[in-house]
Amino acid sequence: MEVTFEGEEQDPDVRFVRGTGKYVDDIKLEGMLHLHVVRSPYARARVLSVSGGITGNELKATMESVGEDAGGKSAVSFPALSASYVNYVGQPVAAVLGLDRYDAADKAEEVDVQYEPLRPVIDPEKALASEPIHPGMENNLVAAAELGKEFEVKAPIEIEETLRMTRISPNPMETKGMVAVYDGSNLTVYASTQSPFSWREGLASSLGLKEESVRVVQMDTGGGFGSKGGIYPEYVVAAYAAMKTKRPVKWSETRYENILSTNMGRGVRGKMKVYADREGKLKGLKADILVDVGAYPLGGGGWTARWIASQLVGPYSVPRAYATAKAVLTNKVNMGPYRGAGRPEAAFFMERMMDRLADETGVDAAEVRLRNATSRRTTSPLGMEAPPSKQLFMKALRAFKYSSRKKKENVGLSFFMLIPAAYGGESAKLAVKGGRVKVWMGGSSHGQRHDVFAKSLVSEELGIPQDVIDFQHTDTRSISGGVGSWGSRTAILGGGAIVEASRSLKAAAKKKLGKKYSPARLLEGEYEAEAFFKPKDLLNTLGANMASARLTKEGNAVVDEVVSFYDAGKVLNPFMLESQITGGVAQGIGEIMYEQAIYSEDGQLLTASIADTGVIHATEMPKSVVMTAASRSTLPHGAKGVGESPTIGVPPAATRALEVLLGRRFTTLPIEPEKLWATDVAGVKEVRVR
Amino acid sequence: MIPPRFEYAAPKSVREAVDLLKSRGGEAKVLAGGQSLIPLLKLRLAAPSLLVDINRVTGLDYIRESGGFLRVGALTRVSTLNRSALLKKRYGALHDASLTIADPLVRNLGTVGGNLSHGDPSNDLPAVLLAAGGELAATGPSGDRSVRAEDFFVGTFTTALAQDEILTEARFPVPPPRSGGVYLKVEQKVADFATAGVAVQVSLDKKSEYARVGIGLTGVGPTALKATKAEAAMVGKRATDRKAAQEAGELAADASSPTTDIRGTEEYKRGLIRLLVTRGLERASQRARRGA
Amino acid sequence: MPQTSHIAVEVNGVKREADVEPRLLLVHFLRENLGLTGSHIGCDTTSCGACTVLLDDKAMKSCTVLAVQADGRKVMTVEGLGGHGKLDPVQEGFVAEHGLQCGFCTPGMVISAYALLQENPDPTEDDIRTAISGNICRCTGYEKIIESVKHAAKARRRRRT
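Line order of the protein sequences matches chains B, Z and C. Per the numbering used here, the very first residue in the first sequence carries number -5; after that it's consecutive. Per the numbering used here, the very first residue in the second sequence carries number 326; after that it's consecutive. Per the numbering used here, the very first residue in the third sequence carries number 37; after that it's consecutive.
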């Protein structure tokens, strides 16, 4: 029993406007069962007994951290189904199978779980002193790091601030899901994923299978934003259920389940202190980063604190810096990557300090940044390499018409560095047969439409028309290896792999055809080439945002316009670039004004619908203007990463624009709605900006 | 998110619907637009044994003025209110409110009767009806009756409707000349429930003093509230009296009992009531002077 | 045995009959019973609009209507747009202006846009924003969707004249 893509409309645009895309939940196989997961209603409890369905007493599998989440061995084991303790609301404890989703939902009501509720640890600041949430641990600290060297410096300006970015639900429009098929020896999984190869690794490990016997096929995937780059307990349970019943099993979660059980992004506190002279030149930076990991450090919470600390200096130069970073467990769903994954936190913390520095010294916000930007490649005292930034930022300011606009408008700026997730490289494969070229990528689109640049690169390299190129769904059986799509990596790495594979394909054809070689002759033959591209050079790139804010006639502050100026290298497709950046702008605006996960004291998630999580509509979207600096990278196709830039650059710039407009200091995202009024509606005490 | 099992009936008349409700005691529920009820069923927060779908009952979808009232049939869709020129001209608060309810897709199904009878303190139409001093018509086993708006909203998700009664009509008094109404709603994003909302309906006399003032509040109490002290305080005041309007705002804020939730703190919501009532009085009286 | 009701619904111009449980949601009837998987399910709170279809020519969210309620009525899903291999101008607009990325919200957006243009052939940008305010997109930031609808409006007007 197999899902095939034969006869599929090749152009995803056409496929999607016709409604003929094939997402996981669209799969229908004979004899297919539906899996419904029974979840903990408590943030922390002892499971006294569980009866009915598949339980943790039967399936003793634990989870491995893979893909974008991967951070080495975890000190805590994360069960696919918990039979002893539950540590967040929504944690899977049992699963039932039904003939359809109605039948499965009814059967779930028959599962009986007895809990002894325990007092949950919710506040990450208090978690360090609280009793450990997992038995056998000494405390809730799962990672601690020190970066740079402790220092003392005398400086006329010293500014301290505590800044926060609240947790956010990633909310891809398609929730998580899969269909598992087992034929007695091989497991095939149809997945909504950012990384079929990570799924293969994770499922094989959790279920004790050989990787060769697990095949993962990526379906059309309705967004991920970081949340589909690793694996989740439900995947293991559904695969197990297929193996147990020898029938296809579909698991397709509801939005409610998605919000409860999907790794959340952000949830980070930064204590920042900058030392500077009266002209605004930085003399030192100290920071303490605290990450709310949630219940299990497998989503990336373990490595995020250090990762944020390492890039705090951003595109600037500072003679001395010292940072401490801690990650603590709480009784919440795991923290995980969400568009930017640590980069937005670092940029928000640093850019807020730059604005404070501008206010304290009276130096213009752009000027203070330029004074700390660099004209050569640097390595910060915290260990991160940065390209020269000053020239690009000056270009950005000119493109923004910053000096004239700041006279008339309330504008905010941000300068930042984007560090793409280049580790591990990426693969691509090309096969020519019957006059057509098939293209596979190791990590491919979950909504970014990589097919667009993939086809244009192949067409350019081979000199063939785009309409003979068929972009394939990533399938672990069709390509020998791959990593995944996240961290602004696919255009640079996957694109590079496509260029390399195209070139070796062409070389093979030339070798065979000799002087008779032509693109048309190439298409007449049969060739195959696969490349695994690993860049050697620094791929960190730069970006700047400017935002303006205004008051509505009702007296509310809104962000009016966001201008992005990003060094995107050679732009592979301007339409997709603009669309992707503008989509990121929407997420940035959501993050500063609406989006957050709010927990009650007993760990219940109060924002458990897509409306309450704060995703914006067309009506809340400001104008977005996208500009790019055309500076080719050293990669064969000249591209640079860009996917995460807007969620990094927009929050600090837009927050500043609102701050300038309202004269109020903002340190926590999202900004509370009562603070976005021109008048003091709620009688709130506040810090005024000078 | 799968509803529990229930039985289903789609009667053709109000009488038949009432009989069905009566036959099940409290176990049956009326399905009108379904935009609140079906989500509750999906969450399994409601589990009626029978759904009485009244969408096939004819004669409950109308907007007309007669007998001193604007009469809106219970099955009138919110989107019909959106498009009504009569409402836009003469029933500003109702028209405003109709445009803030949920989103255009939900408004195509959601009904006036459903919005009023769900008893949700965050729904927008109850405050409008309270401000207008309107009433509701219901049909039960023993016939028809009318209930004044201020007697209708009993508690959160509870109204004066008996289990075997069906709301058939909402009645808004036809305003005298020099009247105006507004509905002001603060919501975080479009389609959100109100953080706070205020309906104001005023009539001015020839000296441009308030002859009648109605103020309804959304989302700041167990039910929609009628700010009676604020209403009374404004009667006889000049329409341009800013200070009086601010005092009315204070009185209405005092009368509200908001709770802190994900939409904001208690203090913030009270502050919004203060602001919106003051602003609402100004705008309603502007409309009154323009004759809207 | 649970109660079932016999329903006959005209879906995309074709009469479809079935015996369904009253609790069956219209979106599930379309997707599971009829195999019309273009209408997607993105939430459970009537918020996202991925399931938007026309019911008797009005756009609504098919996750918040029971299949039995559609008995004797007309439903049009995204699959019913265009025809004979041709795209409807609204669909063409989304293709021409790249008004989509992951495609998941697209069918709902397309239907909402279609309903808007049926009623208002020459919408302003604000009209468009309001008309799609019951549809959530997480990828595009909406701008290219709005461009797509403008494009479609122009194309439809050209086709008429």
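Treat each hint with caution, since some may be false.
[What the hints assert, rightly or not] Dumping the calculated DSSO-like pairs for lysine-lysine here, alpha-carbon to alpha-carbon at most 27 Å: (1) C:51 <-> B:22; (2) Z:514 <-> Z:562; (3) C:94 <-> Z:337.
Keep in mind the hints are simulated off the structure, nothing from the lab.
Hints versus structure:
1. C:51 <-> B:22: Answer holds: residue 51 of chain C to residue 22 of chain B is near 23 Å, not above 27 Å.
2. Z:514 <-> Z:562: Not satisfied, since the Cα-Cα distance of roughly 35 Å exceeds 27 Å.
3. C:94 <-> Z:337: 22 Å, holds
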